[in-house]
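Peer 1: Sequence:
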Amino acid sequence: MNSSDINRFLLAQDGKHPQQPGQTYAEALAELRNGRKSTHWVWYVFPQIQLGSSPTSIEFSIKSMKEAKEYLSHPILGARYEESCELLMQHASQHANTWDGIVAVLGADANKFRSSITLFGEAATICPDIGRPAISQLWTTLAPDIISPCSATLDFITNSPPWCK
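Using the UniProt record's numbering, you'd call the opening residue of the sequence shown number 1 and step up by one each time.
No lab work stands behind these hints: they were computed from the structure.
Fair warning: there could be bad hints in the mix.
[Claimed, not checked] Beta-carbon label-pair distances, calculated as ranges:
id : residue 1 : residue 2 : range
1  : Glu83     : Gly22     : 19 to 25 angstroms
2  : Pro21     : Thr158    : 23 to 29 angstroms
3  : Ala30     : Asn97     : 21 to 27 angstroms
4  : Ile76     : Gln137    : 30 to 36 angstroms
Quick reminder that beta carbons are idealized off the backbone N, C-alpha and C, glycines included.
Please put together the full structure from these sequences, using the hints given.
Peer 2: Spelled out as structure tokens, the structure:
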């Protein structure tokens with residue numbers, strides 16, 4: 001599979017990716033609606049830059065800011081990202097501390113969300129032509145007081161070649 005092809009995320013979300021069969025976007029949404037993640041879908045619903053070394057982490061990492069822009073600009077992937085963030089925030093905001101709410105929903109994968117929202121929040125803010133103002137607004141609301149930005153992701157963005165055109 002060509003790892004620079006964002007269609008790998010669609011295949012995974014549809015349960016058709018050879019490396020991640022079965023767990024669909026619909027199942028991820030059901031878990032988010034219930035307020036508790038219990039299966040393995042964070043890599044392709046809340047993708048991040050390559051911070052891990054597992055085959056799944058490598059396959060579903062965002063390889064460049066150009067790819068981050070493509071993901072967020074994609075009519076299906078971008079809309080699903082917004083929807084997933086909205087559902088997560090509905091549950092997280094019911095806690096006195098929003099970060100604790102994110103941890104309550106995502107468990108050990110909360111830091112993957114931190115990296116993901118740093119990546120896509122910065123992308124949507126830096127490059128408004130992506131067309132995802134809700135993600136930019138969410139990021140502005142969360143960072144830095146509720147979620148401290150992922151420093152590795154910020155370094156990745158800073159050191160990326162020009163990508164917002």
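Peer 1: Against the structure shown, which of the earlier numbered hints fail to hold, in ascending order?
Peer 2: 2, 4
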